[in-house]
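**Student:** Put chain U on the given structure of chain P with help from the hints.
2 protein chains.
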Amino acid sequence: MDVTAPTGRVSTWLAKFSSALEEQDTDALKALFGHDCYWRDLVAFTWNIKTMEGREAIGQMAIATLAKTNPTNWQIAGEATEADGVTEAWLNFETDAVIGKGHVRLKDDGCWTLLTTAQQIKGHEEHKGPTRDAGVSHGAFRDRETYSERRAREAAELGYKEQPYVVIIGGGQGGIALGARLRRLDVPTIIIEKNERPGDSWRNRYKSLCLHDPVWYDHLPYLPFPDHWPVFSPKDKIGDWLECYTKIMELNYWTKSVAESASYDEAAGEWTVTVERDGEQVVLKPKHLVLATGMSGVPNVPDLPGKDVFKGEWHHSSQHPGPDEYVGKKAVVVGSNNSSHDICAALWEAGIDVTMIQRSSTHVVKSDTLMELALGSLYSEEAVAKGITTDMADLIFASIPYKVLPEMQKPQCDETRERDGDFYARLEKAGFELDFGADDTGLFMKYLRRGSGYYIDVGASELVANGDIKLKHGQAERFSETGIVVDGEEIPADVVVFATGYGSMNGWAAKLISQDVANKVGKCWGLGSDTSKDPGPWEGELRNMWKPTQQEALWFHGGNLHQSRHHSQFLSLQLKARQVGLPTPVYGLAEVHHVG
Amino acid sequence: MDVTAPTGRVSTWLAKFSSALEEQDTDALKALFGHDCYWRDLVAFTWNIKTMEGREAIGQMAIATLAKTNPTNWQIAGEATEADGVTEAWLNFETDAVIGKGHVRLKDDGCWTLLTTAQQIKGHEEHKGPTRDAGVSHGAFRDRETYSERRAREAAELGYKEQPYVVIIGGGQGGIALGARLRRLDVPTIIIEKNERPGDSWRNRYKSLCLHDPVWYDHLPYLPFPDHWPVFSPKDKIGDWLECYTKIMELNYWTKSVAESASYDEAAGEWTVTVERDGEQVVLKPKHLVLATGMSGVPNVPDLPGKDVFKGEWHHSSQHPGPDEYVGKKAVVVGSNNSSHDICAALWEAGIDVTMIQRSSTHVVKSDTLMELALGSLYSEEAVAKGITTDMADLIFASIPYKVLPEMQKPQCDETRERDGDFYARLEKAGFELDFGADDTGLFMKYLRRGSGYYIDVGASELVANGDIKLKHGQAERFSETGIVVDGEEIPADVVVFATGYGSMNGWAAKLISQDVANKVGKCWGLGSDTSKDPGPWEGELRNMWKPTQQEALWFHGGNLHQSRHHSQFLSLQLKARQVGLPTPVYGLAEVHHVG
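From first to last, the protein sequence lines are chains P and U. My numbering applies: residue 336 is where the first sequence begins, and numbers increase by one. My numbering applies: residue 336 is where the second sequence begins, and numbers increase by one.
No wet-lab data here; the hints were simulated from the structure. Be aware that a few hints might be false.
Put simply, identical chains are the same to the list, so a pair is met inside one copy or across any two.
The calculated lysine-lysine pairs, modelled on DSSO-like cross-linking and capped at a C-alpha distance of 30 Å, are [stated by the list, open to error]:
(1) K542 to K463
(2) K745 to K846
(3) K463 to K582
(4) K721 to K442
(5) K542 to K582
Bound conformation, chain P alone (with noise of 0.2 Å):
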């Protein structure tokens, strides 16, 4: 063998981590990573969203969980590759609990990046190809209940005469892709959705909305969009989609439902939740219970005073109607990030005289220059040309420690910077603030550390340039009887909209369990980066997210399509093992350093 060439090094360094990992020989195993080295677990060996920064850290996970998971049959799945002195593979593995898939690069001083993820549980693995159902039985049979039959009395008995192991509370794209993981491992579940309609938390926004997020970061689970289907996705069309998907992978989906409130007993290990489904109350004892609420929290209205003489009309920016109620009358908006911006474009649209309000400065990039130099790598037209999977894109993407992930994404940034120089210029020009993220890392950074603080430009921004949409600064004070007063100076208004965001994940823990709940969990979301709305300390993994809380048998799942895709496979992995009763001993449970 070659081992000089890209598949042989790999070879190589993999035959001397196997062995390492089998004897557990923890200083030979740190011996084979380099000098700034990472190692990124999903569930493979800690049962948690982990990733071991150093040398030491490595070693330490190593001694806690080797001999719980005993990896064996290290395999490069097809050949290395190398490029900027990087050689990357991507490899198989197993260990007593779970098969996996995983990925590494080496530099020259050994290992840089692995990334172990578990992508089956050995003995529960998910039906499908040769394992599929027959879905009819052949021969005859007296008093034969056939599938509908049967799938028609689990929807009926589940939650009744039988309990689900999960609940989800929530029913968007966060709450589907997990109910149809979980659906595929056959762990029992009802999905808690309040609208009427799978999909409607879509179809119930303003109507030009489409998806900011191209189509090939969109994908569900198991069922890719036909390839005719539009780049963004107008928000009907998303809804319909989830809609039909809910249907097709046969959810336990209850519409017209909310969870009232919940609380957890630590002796029985089981929730209790009340939920009101369709006017009538049902109490369902789930063993575990995921908050699939969004990644936004509770929205956030800053309290104003002058509400009772104000004569127009005020709401949140996810309580917005669209613009055509407001024909003739004036508009103000409080605040200049997504929202915000989709919101004023469309009410100029309309031909409303608009105000948008910043108060503070905005990262702005151009959907296209977003989709090619951000995504068009591993989801496009050209990621597909080229034989990447979306499975591949999203490991791939998992791949990159969030630790390094500012110092690749801020040549992207400085890139976009230089390409459309003169678009920022005009706006800066219209008195627009900008910015670039708290180290010039853009908007997938401001996304990971805060979830906001950002505007991917689809047309709102030219407005804004050329004054369609007005501009103010300042800090909103208060109403007064005509409209809004910021920093002393009225801007008359007939309705104004908060664009204000939303607050932590675990205010709606604190809703629908209790303060201390969500006091104990603690802040969702965010890195500890020590930036804007993301305080320190590092964390190295998003707070709280598909992984194992302080609060047992509580699980947080949220974000874009992509996260509610590629997360889901590893929260429905955890929930599954817990179903069936495997160990699953958590390695680095993440201390709460921040309530929310």
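**Tutor:** Same frame as chain P, now just chain U:
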């Protein structure tokens, strides 16, 4: 190049073939084909579906079509393979009008089979992948019409303000698959369906019904089933799938609608179709009319005397509601094919006394055997694992001329008889009259020749063999007061089900248009094999299906899910070519030998 290797051999042949075509040298062309040879063309050369059998027929077609098509750019796609003295390869080519795909098999004396197919019309390709819609128009526009508004306007105006180019009568799998193809080709189309919801033609059947064909054979275009889909779709599940598919593909699908009459104005080149749409009369003026009312025609019900004296209930199998309302009663089912067996088994499962009247011999094949021997090489988990996509499987299947099919089917049929010898012996011992087709070629030839005369055993044969389903032989003569008289013997019955099949599809043309038009287009389906219910002369393709008929602008579309998927492609291309005004000279329009 090693011209003895398979790819070299095909390359050499293809170079000569290409130049014979280019020079329109029919002698050279004929010399490239073997003594026993076939060129099957799907729309690429003939604007027809046509198999040229023998060198003379091939030469004649070439003379007639080459100057108008100008085929060029012949390439082997991938590597050729060789087995049992036959070298085969995939081909790419183009003509003035189309991008084509082909398949060739060479024997020692030249080409044995050649398939040429149109895949896309140049300049009118489907919008997919890189040419998909944006979905959103970036920018800001006063009076913007959103994607959803545009779609809603189209749905409201088509058939009223705007006329469809095509009307499809029948919204089962055939109409839906063709509708999806036409949607991707931007051909304005309305589908007329009598039921309340897409999929009801499946839902409305008896509750234990599942597809007899396995999942790999049943995919619709563009949106394959997810890989957990059951092998044999239960009828309600396929109904729901069709409903979701119709919505996802944004078909203009008119439910609760019945076409009352249709007539063609030769001078205007336009149909007048009167539709009762949910109580309202709508007159449509399409350029083309497609009958997609199922490969079965109007139900055959024997006109027995004594209906007035019979105190029980009788109906055709297509109207059978399932067993539930007949518990405690005696049932007689006339006929011994698929529907009869399914209905008898469901009645027996409900504890009902049931007698099957066998009028003539029936071909029976066990579902598992059929799956393995007949479909396994192209449509199975094993085929998927070998990388045989559904499109490839369909084209391989299409590459076998109907003339050659019986000799390829016979060994499978022989193997079936041997493998399931005990099963057949037990059936015969119970008095069931078996056959294996006129020339012992089994199920698929019966399906193609007459669309009837067989049962795919999913359990009922065991009930026949052990006497649980009672069996009588003979012809039903008349009803009595309390039953039905078969060859002089009264069989007591509270309900009589006539599982007595269907007429030819052109019966629908008689009902909708006129008997004259039905006679003009003649019998549908069947090959002219000169076997029972498929009279000669030999025609070489299924009569009237998916290709031009003797009635201008009238088309027939039907068959199982496989045929609906595969043939909808070529029918949609024929319609698209006409819509955009391409010359579509039809070569070898089939003569009519039988009126129905």
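**Student:** With reference to the structure, classify each hint as holding or not holding.
**Tutor:** Results for each hint:
1. K542 to K463: Close across copies (25 Å), not inside one copy (38 Å); limit 30 Å.
2. K745 to K846: neither (38 Å within a copy, 70 Å between copies)
3. K463 to K582: Classified as both; 18 Å inside a copy, 25 Å across copies.
4. K721 to K442: So K721 and K442 pass the 30 Å test inside one copy only (25 Å; across, 36 Å).
5. K542 to K582: Cα proximity of K542 and K582: in one copy and across copies (25 Å, 19 Å).
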